[in-house]
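Number of protein chains: 2
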Amino acid sequence: MAYSEYKMWLQSENAAVPKVDSIIEERILNHWDNIDGSVERGYSGKSLFFKDGNICYDKNRIRDYARYLSSIGINRVCCNNVNVTERSARMIADDLIDDVAALAGIFREFGIRFIIAVDFTSPRLLGGLTTYDPYDEHVIKWWKAAAETVYKHIPDLAGFLVKADSEFRDGPAALGRTQADGANVIANALKKHGGKVYWRCFVYNCVQDWRDTKTDRPKAAYDHFYPLDGSFADNVILQIKHGPSDFQVREPNSPLLGAMEHTSQALEFQVTQEYTGQQVDLYATAVQWQEILDAPVSDSQSMRDLMGNKVKAIVAVANTGLDANWTGHTLAQANLYAFGRMASDPALTAREVLGEWVKLTFGSNPAVYEPVLDMMLRSREVYEMYTSHLGLGWMVNINHHYGPSPEGYEFMKWGTYHRANHEAIGVDRTEAGTGYTAQYHPHLNALYSNIETCPEELLLYFHRLPYSFKLKSGKTVLQHFYDSHFEAVEHVEEFISTWDSLRPHLPECVFSSVADRLLRQLSNAKEWRDVVNTYFYRLTGISDGQGRKIYD
Amino acid sequence: MAYSEYKMWLQSENAAVPKVDSIIEERILNHWDNIDGSVERGYSGKSLFFKDGNICYDKNRIRDYARYLSSIGINRVCCNNVNVTERSARMIADDLIDDVAALAGIFREFGIRFIIAVDFTSPRLLGGLTTYDPYDEHVIKWWKAAAETVYKHIPDLAGFLVKADSEFRDGPAALGRTQADGANVIANALKKHGGKVYWRCFVYNCVQDWRDTKTDRPKAAYDHFYPLDGSFADNVILQIKHGPSDFQVREPNSPLLGAMEHTSQALEFQVTQEYTGQQVDLYATAVQWQEILDAPVSDSQSMRDLMGNKVKAIVAVANTGLDANWTGHTLAQANLYAFGRMASDPALTAREVLGEWVKLTFGSNPAVYEPVLDMMLRSREVYEMYTSHLGLGWMVNINHHYGPSPEGYEFMKWGTYHRANHEAIGVDRTEAGTGYTAQYHPHLNALYSNIETCPEELLLYFHRLPYSFKLKSGKTVLQHFYDSHFEAVEHVEEFISTWDSLRPHLPECVFSSVADRLLRQLSNAKEWRDVVNTYFYRLTGISDGQGRKIYD
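Protein chains in written order, with the numbering used here: chain U, 1 to 552; chain R, 1001 to 1552.
This is chain U alone, in the form it adopts within the complex (with noise of 0.2 Å):
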């Protein structure tokens, strides 16, 4: 809800904070707040946390933040950055533990227990030893002394966050480790003290060549942490991105999701729009949400079924920051409200956690509810209509990750390639391919591996197709991909003109703000249709069906 709204909540008789009695035992939100006071892929202005290298917050909003994350079931936060840097790795040392002890105060309050991300070279980087080696006495030593320190001050903690062998961060693989090495000595250490190690699985080759085929981004998660079945410390929880890509507008689930019969696991999404929009363009995750939990991942079984099952905590990348309405968009609050509300109950649906939110920031006048609710509900798919197709992603400028670039990582070390020439478009992961889809369940991996059994909306994602393709509708991909661009434009004209129609029920500076998103978005919505209908148009040479125009 709007902040002022929130305000006058929070002084209302239901503002008591409510017991969230939840299936998942864990949910949490990470912030990838920098201590400079930037935010890593955040929208809405600095941080809430952080200022120039110190800690650095007003009170009274934190409280209010951490009752209302408590009030929609929240109960673990992370405050600074995975990638940590030299100074806020520091927050486990005695320089800024007094501080970072004050903020974990005000979330425990509200019953929210505190999360640290830490440096895995902490011991050489901290501690002046000449090795961050897991195997070696003395960093086994320094993390046990490490978490000590730390627990004397937080008592409660819930654990330390790690980001290792990832995106040039040094990890255990650097020496030779397993990640379970690396993740274990940091648990041993915690366990005495009730702490966990959140571990994420975001290891991948980052300087992959293009040229180099047989590598394939999507399989590496499941290869570097499948094998390590059943060597991962009790108190490790393995973090897991709900897609094997990163966080794309669409990809299959990650097959590591419940593949381990031993390890605890965390489901990650991303309540932060990087690649969905950036807090200009709608975009309501939840409606994504509901779909990765919905999906199966076996013949009998859905992500859903995993829930506080294997896969027992749940953990979004949050969107919030100084901005005075928290999430830059307003109407990007409902992302923040409805990871609580779905982490708490996995059942509920998208509509109706939007539902809630809606009435709750609006009021439950059908003329506004009801189309502030049809309007979200729908930005996942015209979103994805004007950005990527059939599960092909990727097609972002590089960096920033905002409108459109075509072969923007084409040639690039990421491993996120469509390889797209003049007949054809996307990677065969079949088993005749680079054989990622054997890491699924039999049952999915057939299901994917056939063309006719694929979920049409992630053909792209599994298989190489000719532009001259018949999708089901009877369309060719490459009149798909004219035609959802061409409607997609439509789509925001409609958003506009929706939103202008509500004026007369809203605050002013709630229309205003939001309308002004919306401009900014069908602006956005044509540069990519635009663009990506050009592509296609230079690559072919075959016009639009409905001879639109399309550039030259």
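Mixed in with the good hints, there may be bad ones.
What the hints assert, rightly or not - Derived DSS-like pairs (lysine-lysine); straight-line CA-CA distance at most 25 Å:
1) U:Lys214 / R:Lys1549
2) U:Lys549 / R:Lys1549
3) U:Lys214 / R:Lys1526
4) R:Lys1312 / U:Lys413
5) R:Lys1214 / U:Lys413
6) R:Lys1526 / U:Lys526
7) R:Lys1413 / U:Lys549
Calculated directly from the structure, the hints in this document are not laboratory data. All values reported here derive from a predicted model rather than from experimental measurement.
Knowing the structure of chain U, use the given hints to seat chain R on it.
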């Protein structure tokens, strides 16, 4: 020459500073050094002049540098970046002027006059005025007062350098004034002190919509400045890049150079290798400069004929920094040397000046001299073979400009498009197209407009051609692309063998540092070969005529 050798040379009797009697009065070196110590487009370490927001240097080293510049004919330097920051704008203000004057004093010892890059909005930025409108009397007064202050400290200051209305920097156009209005208000203030304004002509629309095919960036400088001929004060010099794009490997000469009858002009080169290998890849800029000077500007004159005539000054962007060898790549020292020598005497050939440098640096032993000179003379052609083709340019990675990205700039706002599709590539810049060629002398307009007479190396600068177009060699454009890229890698391999064979004759540190860069160049040349070949193969579906490996 290498720093150590130069030090020796300084102690020798040859070290008397030569008195250069040139037809070109001003031979200027621009540094793009930021006051924080970084260097824009710098590939040789941090700034020689600045650190952490202040003027900060090793006096002995600057004295060596000034002496060296003077010895090769340079008689003007500007040390701060034309992209002036809020802090470096203060170089003309009380807080920094003493330090600036001290630095200028070192150059003065060697007959080099100082230039300061200033911010056009200084009256507002530094003076606290509400405007920087050149018609405003307070603004006029402010510039006069600023000039008084500066000339009190640096009585022989050559003048101010200004980049205005360019790449998001404010200028007179923002206030509805002309470029002449902008330049003149400063020039009038400098006149009584004998100072000049060096006014850059790099003015173009840097927020172009790629869908707009009417706007053609190469037309911009001429369109903006030519109509103003006669309106500039006598002490304004228009600083014009050699080509109409931006220091690409291959461009035609700017039609603005020599076009204005009543305006002093400066020809601007780039010694620093922004688009030409970044001091990793070997690239002897002198070869390109000779071509530029050789090129016709009318039916009876070449660019060389303009030198000392309509073009009274010559400028280049420096390639130096705090690296021990000054220029990152040891052989890139030759580019600075060559600039000074050719600025002093534009009739010198690349062979002559590079030959001088090789002898001064490595001695006259023909076993060293000849192969090194040969490598350097070939280096420009080889680099062009694996990067740009037939004048195409711009297929570089965005922002940093190293390495290939065929569509990197294709949908961006910088006005740099090749518009390649499955059958053709390039932009028609004749009068049937964007009309750019009409900016040239009629003789050149005719020459460039006709595919038969257009120099082949510029074909794709002026024309859109099908890949099947036959070049004079009988090869198609596409096969020419393929061949160039395959052969370029072989040439780089030859450079490596040549260099390896020189090992016994060279100091080990010089040998190994160049050898290391040649290996990096080889990897870069292979990356270019494979990315560009694959790009065109994917687009056209046409294989290499010789069956060599092109990745799918």
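Item to check | Those earlier numbered hints the structure runs against, lowest number first | outcome: 2, 4, 5 and 6
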